[in-house]
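J.: Spelled out from the first residue to the last, the chains are:
Protein chains: 2
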Amino acid sequence: MKAIKDRAKEFFSATQDKICKTLEEVDGNKFREDMWEREGGGGGLTRVLFHGNVFEKAGVNFSAVYGVIPESLSKRIEVGTDGQFFATGISVVLHPYNPMVPTVHANFRYLERGDSAWFGGGLDLTPYYPYKADVIHFHKTLKATCDRHDPSYYPRFKKWCDDYFTIRHRNEMRGVGGIFFDYLLGDLEKLFAFVQDCAEAFLPAYLPILLRRKDETYDERMRHFQLIRRGRYVEFNLIYDRGTMFGLETKGRTESVFMSLPALAAWDYDYKPEPGSREEEAWSFFQPRDWLAEEI
Amino acid sequence: MKAIKDRAKEFFSATQDKICKTLEEVDGNKFREDMWEREGGGGGLTRVLFHGNVFEKAGVNFSAVYGVIPESLSKRIEVGTDGQFFATGISVVLHPYNPMVPTVHANFRYLERGDSAWFGGGLDLTPYYPYKADVIHFHKTLKATCDRHDPSYYPRFKKWCDDYFTIRHRNEMRGVGGIFFDYLLGDLEKLFAFVQDCAEAFLPAYLPILLRRKDETYDERMRHFQLIRRGRYVEFNLIYDRGTMFGLETKGRTESVFMSLPALAAWDYDYKPEPGSREEEAWSFFQPRDWLAEEI
Chain A
-13 MKAIKDRAKE FFSATQDKIC KTLEEVDGNK FREDMWEREG GGGGLTRVLF
37 HGNVFEKAGV NFSAVYGVIP ESLSKRIEVG TDGQFFATGI SVVLHPYNPM
87 VPTVHANFRY LERGDSAWFG GGLDLTPYYP YKADVIHFHK TLKATCDRHD
137 PSYYPRFKKW CDDYFTIRHR NEMRGVGGIF FDYLLGDLEK LFAFVQDCAE
187 AFLPAYLPIL LRRKDETYDE RMRHFQLIRR GRYVEFNLIY DRGTMFGLET
237 KGRTESVFMS LPALAAWDYD YKPEPGSREE EAWSFFQPRD WLAEEI
Chain B
-13 MKAIKDRAKE FFSATQDKIC KTLEEVDGNK FREDMWEREG GGGGLTRVLF
37 HGNVFEKAGV NFSAVYGVIP ESLSKRIEVG TDGQFFATGI SVVLHPYNPM
87 VPTVHANFRY LERGDSAWFG GGLDLTPYYP YKADVIHFHK TLKATCDRHD
137 PSYYPRFKKW CDDYFTIRHR NEMRGVGGIF FDYLLGDLEK LFAFVQDCAE
187 AFLPAYLPIL LRRKDETYDE RMRHFQLIRR GRYVEFNLIY DRGTMFGLET
237 KGRTESVFMS LPALAAWDYD YKPEPGSREE EAWSFFQPRD WLAEEI
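Quick note, the sequences are listed as chains A and B, same order. So the first sequence is numbered by our numbering: it starts at -13 and just counts up by one. So the second sequence is numbered by our numbering: it starts at -13 and just counts up by one.
Note that these hints are calculated values from the structure, not bench results. Nothing false has been slipped in among the hints.
When chains are identical, the list treats them as one kind, so a pair holds in a single copy or across two.
Calculated pairs, BS3-like style, for lysine-lysine (alpha carbon to alpha carbon, straight line, at most 30 Å):
{"#": "1", "residue 1": "237", "residue 2": "258"}
{"#": "2", "residue 1": "176", "residue 2": "7"}
{"#": "3", "residue 1": "258", "residue 2": "7"}
Please read all numbers here as calculations on a predicted model, not as lab measurements.
Isolated chain A (complex conformation):
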């Protein structure tokens, strides 16, 4: 059998094709493709659909990079000995136009550093308006996926996700979480099976939400609220996100790294939702919550 690094690379690349094909059917427009090479080793294939019918900005990145590990990054990665690294992964960020549809993010990656190898990844949802049923559907799909592999996974990775996607200077979360995991060492075949299952769960977790909300009506005020929350998304990605830092520090292609940024974002001075409004209700979603214990 082929080495796991080659199979991971092939799987991530095939997953990119599959996700893009489905999203193109939903949107009615094609992704633009950009192949890029990394000075120092490897490269990637970025696919972006900008100003589509459904998606304001949708990015699906695949990459496989390797070489000497940059020193700044070496201190950050907590596992493995120094020297060469290899990293392959896929990253998805979808920002639809309609503020009733959440933004979604998924990332799966396989890394080698010296003698160590591990998987990392996750999926998380960033709604604008508070549809509890959507959040529960998303978390239920992830829990079912996790439970097929290890009953400890969902609670552990759900908490990790809540912790990770916290905007610390605001004391609020980027969205409603999902699952997040990193440095999964050990039986790599078992872990790879888990990661494949998670990647396969992306469309079933998100697509039903997208399809049932994408044609809802909305007004200027709702669009503005979406842009305010997208400002928070930018704050998180530029100040805290490891993937963004990894991309910039390994001198990945800047435009591929920043495909995660929304097309538009707003910063009102001292924005506060009106008491009793749906926007205020939405705000309560951005604190950790046990979604599966909720009544719809």
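Following the hints, complete the assembly by docking chain B onto the known chain A.
T.: The following block gives chain B in isolation, referenced to the frame of chain A:
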């Protein structure tokens, strides 16, 4: 005579009043005022004019904070012994609506840490459209101010500004620079006189540009270009800016720290100005240049 820390605080506070009064006359609207206290010592007065006639977002912050120095910050500040700190300063960021008017930033500060004390600050311009005469006026005003104190100041602080306001992951500058200085130790009375002169130069350096451009016509395409460049402004402020980091790490008021962020910012995927366009010409402004050697 009063201690320099008290005089610096009074001067910065009076400068805030003076700048705001002038800007209110230009805009026809009043600044909103927010007093805030810092847990751990001190506080500030934030003044913001949001959605005015001329200014889309204008922020003028004054603060005086003190207390035990946060550990994360202690490593970053290169001067002085550990222990207590005192910092007072003023910070101005003006984002006008009209894309023909540059965004401008000024910041002046006095810091004490243990036995050391120093001044820092600067002024810099971020135009959208390439009006060479405006940039030269701005730099000439700063050079004349510097030259009254020390002929070495302008070349030294101009270069420091070009280096500091570089968006490293893009290899481009945030704007066209100005002057920037930090850790000015030594004869504090002389340095204070210089900083006062710089602060007094803010209005003469910027106001003539604002007044002659604020009523120029512009179209959607120009507005969009402005939002693209404002995206770059956000990238710089959230990834590299020391003032932003200082504010977040000393647990200053988040909304006061982020008054520098534009009301709206855009991230097109792989934006490139059209060959031969004014936007492409603008782009050439975002590399260091000896503006005073230019012909108008």
